[in-house]
Amino acid sequence: MNWGGVVSFFASEHAMRSERVLQRAGLSARLVPGPREVSPNCGVAVAFLWEDEPDVARLLGESKIRYEAIHRYALDAEGQATGSFQQSTAREP
Amino acid sequence: MIGEVYLDHAATSWPKPPVVLESILNFLETAGGNVGRSGHRRSIASSRAVSLAREQLADLLVAESPDELIFTKNATEALNLAISGMAVDGVRIVTTSLEHNSVMRPLRGLEQRGACTVEVVATDGNTGEIDLDEWAARLRAPGDCFAVATHASNVTGVLLPIAEMAAIAREAGRHLIVDASQSAGHVPLSLTALGAAAVAMPGHKGLLGPSGTGLLYLAPGVEIEPLLRGGTGSLSESEYQPDFAPDRYESGTPNMTGIVALGAAAQFLHETGLDLIHARATALGRHFRDALADVPGITMQGPVDPDRSVGIASVTIDGIPCSTAARMLDDEWGVMTRAGLHCAPAAHRSLGTAPEGTLRLSWGMETTEQDLDTAVEGLRVIAERARAAASRAIA
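As you go down the protein sequences, you meet chains A and B in turn.
Per this note's numbering, the first sequence starts with residue 1, numbered consecutively.
Per this note's numbering, the second sequence starts with residue 1, numbered consecutively.
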């Protein structure tokens, strides 16, 4: 599985909660070490499949979890970067 | 060979549910890294476990978001965080006469430094009645002000009309800090519906977690000064404290093992049902009151109505110090109670039981009617002995 996106957070508590929220909704989601160019704020990020990006943004919004930004970012199955950082999309409202 | 009857749940609950013990072992075996600090598997396992515990507690206590729950080491730390975090110079702090020293000492400490004035509204330790007009008038008076009130007396177990008190505080635009040390886990409690600015509680009493755990609830939009500043695992490049909860209030490595076990306890309580737990405690309260009614020489110090209380009763015995009675109950009947002032001198003054104090019996989920009968039998014999000794002294 090649993850296509990551969510960055200010606090790891929020990353943990986001992983649970996304997985409970049936999405593929996994905690990964936070890529440096994505965010220096919190040690971990949540990787997801890029095609799920609209659902990810909606679920995080509905659950009122504080996140920093959603990024398009290529990672391999183990959460390691396979390409360069591409773009940041939806920031937390 | 005497058995064991544990009637000191108001000090700390025992035994803990098996899931609590299992969760401690499981956490130390399968996780054990530092929460929110590193990206390796054991750190992440710990972060997941602590986050899940916060969610389990938010579900039990009906918080809108787990971010509203701050982990502390006990209710005392939670109360100190809330009180010192809200105190601005010259503030008036309104409270009740049934407070524990975990409220009164922080207030008196601020008062001694000239940082605040303290106003105590008289509250009946037997009925929980408080003059709500006076409560309202003091909260509506001009100037900076906030309030602190206990939900249930730790001496008599009586419940105060905390929902009404919180509504008055809200209408007056004042923050109310509730000390839920004796009510959390014992009575149905919705933090969201209560509408207080802050609620402090221990993890090791009614919530059935291990010692070294406590919680402070801060309502949405309530931001206070932190008690401790330091590492949080977040915003590491900044030398300033994060401005978001829970990290703003949780510096330093927390009691991860205790928190995870507290989460397991919260789930257990949620599945059992707090309404059921409270109904059982009040049934035991009625049983105790009825069994004690025809025992001469014992005075029940409250509460008047077991339905408006948690599982606590305080008694005095004619002619014998309560500390002696407590020792006899433990030695001869295996009944464990607590004698004295229970860190609440003002409450005892209002009951007329200072400075001697009372013998406090407090029960929990595992307590049976037979346990209370054993305690009543012990009290009956001790009261008889005191009467016999008094008769000999007169003769």
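These are calculated hints, taken from the structure and not from any lab test.
Hints should not be assumed to be uniformly reliable.
Claimed, not checked - Sample of chain B residues facing chain A (criterion: CB under 10 Å; computed from the structure):
| no. | residue |
| --- | --- |
| 1 | Val35 |
| 2 | Arg37 |
| 3 | Glu225 |
| 4 | Leu228 |
| 5 | Arg229 |
| 6 | Thr232 |
| 7 | Gly233 |
| 8 | Ala245 |
| 9 | Ser251 |
| 10 | Gly252 |
Claimed, not checked - A few chain A residues facing chain B, derived, Cβ under 8 Å:
| no. | residue |
| --- | --- |
| 11 | Phe10 |
| 12 | Arg30 |
| 13 | Leu31 |
The beta carbon of each residue, even a glycine, is placed where N, CA and C say it ideally should be.
Comparing the hints with the structure gives:
1. Val35: Hint holds; B:Val35 Cβ to chain A Cβ min 7 Å, cut 10 Å.
2. Arg37: holds, 7 Å
3. Glu225: violated, 19 Å
4. Leu228: violated, 16 Å
5. Arg229: Hint on B:Arg229: violated, closest Cβ of chain A at ~16 Å, above 10 Å.
6. Thr232: Since chain A brings a Cβ to about 8 Å from B:Thr232, closer than 10 Å, the hint holds.
7. Gly233: holds, 6 Å
8. Ala245: holds, 9 Å
9. Ser251: With a closest approach of 13 Å, the B:Ser251 hint is violated.
10. Gly252: Not OK, violated: B:Gly252 not within 10 Å of chain A, min 15 Å.
11. Phe10: Interface hint status for A:Phe10: holds (6 Å vs cutoff 8 Å).
12. Arg30: violated, 10 Å
13. Leu31: holds, 5 Å
Hint compliance for this structure: hints 3, 4, 5, 9, 10 and 12 are broken, all remaining hints hold.
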